[in-house]
Amino acid sequence: MTETVATTDEQPASPSATEETYDVPADAETYDCSYCGRPFAREDWLALHRGLAHPNDLDDAEVEAFRAAHEDEEESLATFRLQALGALVLIYFGLLMIYALV
Amino acid sequence: MTFGRRHRAALAVCGLGLLAATGTASAHGGSLAGGGRESLTIPTWLFLSTGGAAVGASFLLASFVTDRAFIERIHGWGRPLSGEFERVLGLVGQLIGVVGLAAVLVIGFVGPTTARTNLAILLVWVGWWAGLAMTTYLLGNAWATLNPLKTLADLLPTLDRSYPDRVGSWPAVAGLLVLVWLEVVSPLADQPRLLASAVAGYSVVTLAGALVFGPDDWFTQADPVERVFRYYGRFAPIGRGEDGLRLRLPGMDLSTPRLVDGPDEVAFVVALLWVTTYDGLVTTPAWRDLTTPLVEPGVPPHLLYPVALAIGFGFFLGVYRLAVRLSSDISDTYLTPAVLAQRFAPPLIAIAVGYHFAHYLGYFLVLAPSLAVALASPFADPATVPTLELPEWFGAIALTSVIVGHLVAIWVAHAAAYDLFPARLQAIRSQYPFIAVMVFYTMTSLWVVSQPEVALPHL
Chain G
18 MTETVATTDE
28 QPASPSATEE
38 TYDVPADAET
48 YDCSYCGRPF
58 AREDWLALHR
68 GLAHPNDLDD
78 AEVEAFRAAH
88 EDEEESLATF
98 RLQALGALVL
108 IYFGLLMIYA
118 LV
Chain W
6 MTFGRRHRAA
16 LAVCGLGLLA
26 ATGTASAHGG
36 SLAGGGRESL
46 TIPTWLFLST
56 GGAAVGASFL
66 LASFVTDRAF
76 IERIHGWGRP
86 LSGEFERVLG
96 LVGQLIGVVG
106 LAAVLVIGFV
116 GPTTARTNLA
126 ILLVWVGWWA
136 GLAMTTYLLG
146 NAWATLNPLK
156 TLADLLPTLD
166 RSYPDRVGSW
176 PAVAGLLVLV
186 WLEVVSPLAD
196 QPRLLASAVA
206 GYSVVTLAGA
216 LVFGPDDWFT
226 QADPVERVFR
236 YYGRFAPIGR
246 GEDGLRLRLP
256 GMDLSTPRLV
266 DGPDEVAFVV
276 ALLWVTTYDG
286 LVTTPAWRDL
296 TTPLVEPGVP
306 PHLLYPVALA
316 IGFGFFLGVY
326 RLAVRLSSDI
336 SDTYLTPAVL
346 AQRFAPPLIA
356 IAVGYHFAHY
366 LGYFLVLAPS
376 LAVALASPFA
386 DPATVPTLEL
396 PEWFGAIALT
406 SVIVGHLVAI
416 WVAHAAAYDL
426 FPARLQAIRS
436 QYPFIAVMVF
446 YTMTSLWVVS
456 QPEVALPHL
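Top line first, the protein sequences correspond to chains G and W. Numbering-wise, the working numbering comes out as the position in the first sequence, counting from 1, plus 17. Numbering-wise, the working numbering comes out as the position in the second sequence, counting from 1, plus 5.
Check before you lean on any hint, since a few could be wrong.
As the list claims (entries may be wrong) - Only some residues are given here: those of chain G computed to face chain W with a beta carbon under 10 Å:
1. ALA43
2. TYR52
3. ARG55
4. LEU75
5. LEU105
Please keep in mind that the hints were generated in silico from the structure rather than gathered at the bench. Please read all numbers here as calculations on a predicted model, not as lab measurements. A virtual CB, placed ideally from N, CA and C, is assigned to each residue, including glycine.
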């Protein structure tokens, strides 16, 4: 994660800064990060989070979990890219046709 | 016609290229707006859909960039600017600011009464609200130093009451809405005496606030003008870091966590966007037709404008909050909606910047020679003042700036989502509601500027 250092032209923290950051429904199943306590809805999100936010603290099992989650993520991203490309093509040719007709 | 407002209304008009506004460079320098908005050569629905599609397509393109390290490198890029001369520069800046305020008050009250030759009018609208604001997001926030009221407040004693945290920046939100309302309904850009009175009134309120709560709290929390410039300044390539000035890529600092902190500051960013729309909306025929049935049976028009301003603001804020809630549902996160709202508000500043540049670049260039003449001889009242004729292709620049504003906003929100969520698809999905809102906002703005401009109805 980028922890961009807070710059001085940022205003001082307002009271809301201390308010709750997480909002977990009472009956929800959570996977909590053992390093920072942040809850996640899915196990692989937790695995990804550990690798991204606490890369130097992980044990071997956690590193392995991160690798696996990362690979799964790559696959689903590839599918998403194809869908997005399809949508772009639709938008482009759709508008092209409409401009030709109007 | 008020040239500050008219100009803003004609906004991206000149901007949108397709609609380059005509008009003679004559009275009021409101020249660009003077000719009204031109009609389109393509059907309005197609014009609107194209604009909406451009925004949607940019989101899809941004979603192809899934390399976290690359995104972080872009947003983290920066280098310090050494500045030993900073203190001297600061003193000079404060001096210029105070002299400027004095000039606005003196020339406003005793100078020529024609708007186009009066230095107060030109300095406030052309020099400050157009010119200085543009340098704020193109270079860096000089107003933080120039602000004459801050300089004066620092010299005055203070009661140093503690500023109520609960109130936060809501006074700034209300202040921004009030200032825009005044600007829309009163001839502030036409009557130097009125403008000088308004500036004097604002100065008294601000100094009183600083006197009671201390300048630091007042200017960081409650003062709307200081806040507008501070937010615009966050877009700029030069910012203030921990060890002095720092160079960064334009707009990329908007993804920084905690830039917008709390619901009050989210509301301010939304207000900044809404007033841009409001300004143009009230001069459309649709607004006239919509309000005529209200005014004829006796609704006082002076009530109509502030009420519409408040309702519209509520609507914009409601839509933004709805988008945040949807985003929270779609991304299946346990982060509170408040956290998401704060993180995804700063990208909207980039959109506001794009629209401001589209409105005011032409306005500034056309009237800059008049400002120079008035600066050289503030008490003269020449019959004609020089203005600059803009070439035909100029509208394309404004069109581009509106689009670039949206692109930067989409990119920054993309980066913020990557920072917030561990899974990249989750980050992309979290943006769907915001993109839908952005498409809707673009289409509304384009619709406003494609409408013929009518005089402010009922006033």
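To see whether the hints hold, each was checked on the structure:
1. Annotation: ALA43 (chain G) was flagged as interfacial toward chain W, and the flag is violated, the nearest CB pair being 12 Å apart, outside 10 Å.
2. Annotation: TYR52 (chain G) was flagged as interfacial toward chain W, and the flag is violated, the nearest CB pair being 13 Å apart, outside 10 Å.
3. The restraint placing ARG55 (chain G) at the interface with chain W holds, with a minimum CB-CB distance near 8 Å, inside the 10 Å limit.
4. The interface hint given for LEU75 (chain G) is violated, since its Cβ lies 14 Å from the closest Cβ of chain W, which is over the 10 Å cut-off.
5. Using the Cβ-Cβ criterion of 10 Å, the hint placing LEU105 (chain G) at the interface with chain W is satisfied: the shortest such distance is roughly 5 Å.
Against the hints set out earlier in the document, violations occur for numbers 1, 2 and 4.
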